[in-house]
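J.: Residue numbers (my numbering), protein chains in the order written: chain A, 1 to 148; chain B, 1 to 148; chain C, 1 to 81; chain D, 1 to 81.
Just so you know, these hints were derived from the structure itself, not from any lab.
These figures come from a predicted structure and were not determined experimentally.
Take every hint as true, because none was put in to throw you off.
Some chain A residues close to chain B (C-beta under 8 Å, calculated; not the full set):
1) 13
2) 14
3) 18
4) 26
5) 30
6) 34
7) 36
8) 38
9) 39
10) 86
11) 87
12) 100
13) 101
14) 104
15) 108
16) 111
Every residue gets a Cβ at the ideal spot worked out from N, C-alpha and C, and that includes glycine.
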Amino acid sequence: MQTRIRIQREDFDLNREVADLTANGEAGAVSSFTGHVRKEGNLSTLTLEHYPHMTEAEIARLVAEAGTRWPLTGVTVVHRVGSLKPGDRIVLVAVASQHRHAAFQACEFLMDYLKTQAPFWKEEARGEQHHWVEHRNSDDDAAKRWGS
Amino acid sequence: MQTRIRIQREDFDLNREVADLTANGEAGAVSSFTGHVRKEGNLSTLTLEHYPHMTEAEIARLVAEAGTRWPLTGVTVVHRVGSLKPGDRIVLVAVASQHRHAAFQACEFLMDYLKTQAPFWKEEARGEQHHWVEHRNSDDDAAKRWGS
Amino acid sequence: MNLLYFAWVRQKIGKSEEQLTPPVEDVASLIAHLKNLGPNYADAFADLSRIRVAVNQRHAGLDVKLGPQDEVAFFPPVTGG
Amino acid sequence: MNLLYFAWVRQKIGKSEEQLTPPVEDVASLIAHLKNLGPNYADAFADLSRIRVAVNQRHAGLDVKLGPQDEVAFFPPVTGG
Numbered sequence: 001m002q003t004r005i006r007i008q009r010e011d012f013d014l015n016r017e018v019a020d021l022t023a024n025g026e027a028g029a030v031s032s033f034t035g036h037v038r039k040e041g042n043l044s045t046l047t048l049e050h051y052p053h054m055t056e057a058e059i060a061r062l063v064a065e066a067g068t069r070w071p072l073t074g075v076t077v078v079h080r081v082g083s084l085k086p087g088d089r090i091v092l093v094a095v096a097s098q099h100r101h102a103a104f105q106a107c108e109f110l111m112d113y114l115k116t117q118a119p120f121w122k123e124e125a126r127g128e129q130h131h132w133v134e135h136r137n138s139d140d141d142a143a144k145r146w147g148s
Numbered sequence: 001m002q003t004r005i006r007i008q009r010e011d012f013d014l015n016r017e018v019a020d021l022t023a024n025g026e027a028g029a030v031s032s033f034t035g036h037v038r039k040e041g042n043l044s045t046l047t048l049e050h051y052p053h054m055t056e057a058e059i060a061r062l063v064a065e066a067g068t069r070w071p072l073t074g075v076t077v078v079h080r081v082g083s084l085k086p087g088d089r090i091v092l093v094a095v096a097s098q099h100r101h102a103a104f105q106a107c108e109f110l111m112d113y114l115k116t117q118a119p120f121w122k123e124e125a126r127g128e129q130h131h132w133v134e135h136r137n138s139d140d141d142a143a144k145r146w147g148s
Numbered sequence: 001m002n003l004l005y006f007a008w009v010r011q012k013i014g015k016s017e018e019q020l021t022p023p024v025e026d027v028a029s030l031i032a033h034l035k036n037l038g039p040n041y042a043d044a045f046a047d048l049s050r051i052r053v054a055v056n057q058r059h060a061g062l063d064v065k066l067g068p069q070d071e072v073a074f075f076p077p078v079t080g081g
Numbered sequence: 001m002n003l004l005y006f007a008w009v010r011q012k013i014g015k016s017e018e019q020l021t022p023p024v025e026d027v028a029s030l031i032a033h034l035k036n037l038g039p040n041y042a043d044a045f046a047d048l049s050r051i052r053v054a055v056n057q058r059h060a061g062l063d064v065k066l067g068p069q070d071e072v073a074f075f076p077p078v079t080g081g
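The following block holds chain A by itself, in its conformation from the complex:
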């Protein structure tokens, strides 16, 4: 299984990422998820902080776990950090497989665990106010669906 994990400030190119995943021609199915900064109220900036090295290691563990659960040919995870604006893309998880159900399942599994395991933190700026986004219990529940 081809694995690509990148933490970066820059945006990503979906066409390029999906093309890289399918370049070997093995996969007929790619399930991709992109997370976006919503435009809401006076939200002006979303700043993402992370724990370098642990982030990559944690995501690598999650991807390896997905690879044991489903027959995958490749996984790409790109997570942005730094200062983002409403409308910007935050994260890409793209999973390639010969089977579309496996691709969908693994992609959702990775997003659910990324939300609960990967050491990222979001701070919102609304007008003069800055505050850290609270972890959502519904994300823990989503991850628990997959068993341990």
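Mind docking chains B, C and D on chain A? Use the hints.
T.: Just chains B, C and D, lined up with the frame of chain A:
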């Protein structure tokens, strides 16, 4: 719910399609599926035929059905027809929602029903041989999971 | 009645479209009528388990009633996506 | 011991990283030690239900044993994705 359905010979731009889906800023989650022509043996060309007008109408019905089942902000379906080569992209289904689980579910639902309901047919060329791809019973089973 | 044929149904019959006004009242009797039009039709409709039907661009069963203005399409089980 | 702080834990303590060699044997006793270093630490660790820990870059519980070469990070529940 914003709906875009296109049947076309040309390839599509994933960045553009996802950007269009999230332009209104309502959706934080986009689940995209792309289907690709696998590179296998002597497969040289995959030719897609469809039933104009019925295709668009059938997909529109499926998208409307998805919109009643999940809270979606937008759905884009692009299906290519004509002559494709190994490595080419065949189909895009992209679903935007405020909730990632809804986006994933609706995207998989649409792919499952597209496979069983939308009037497309694939003909493979392998060397001098041409043959029509057989419908797979596993696709019927996948669609049945969603109830009627 | 406007008849459309797709994929190998089209290839076996040898045309993609034709106008007919057969004395039939439903899809089943239309197929019975078509099978008598020639060996190409008989071949196309030899195994009805491999044939799907749409009437006025909606999937339809053999018992759907037909009128002279209807568009009826015959094709194999679909393989898109 | 290399200590790292992230997000509001970092802001409350007022630094992102420090080297300490406290006489502690596990995560729980390290936290007890840190809370005595000043009101900024006491504030950061006031509600342990809001604190998560990683030891050597893996998620860890309060009972994990610590040695002088370990990297210990404190942070709020994660909010990526």
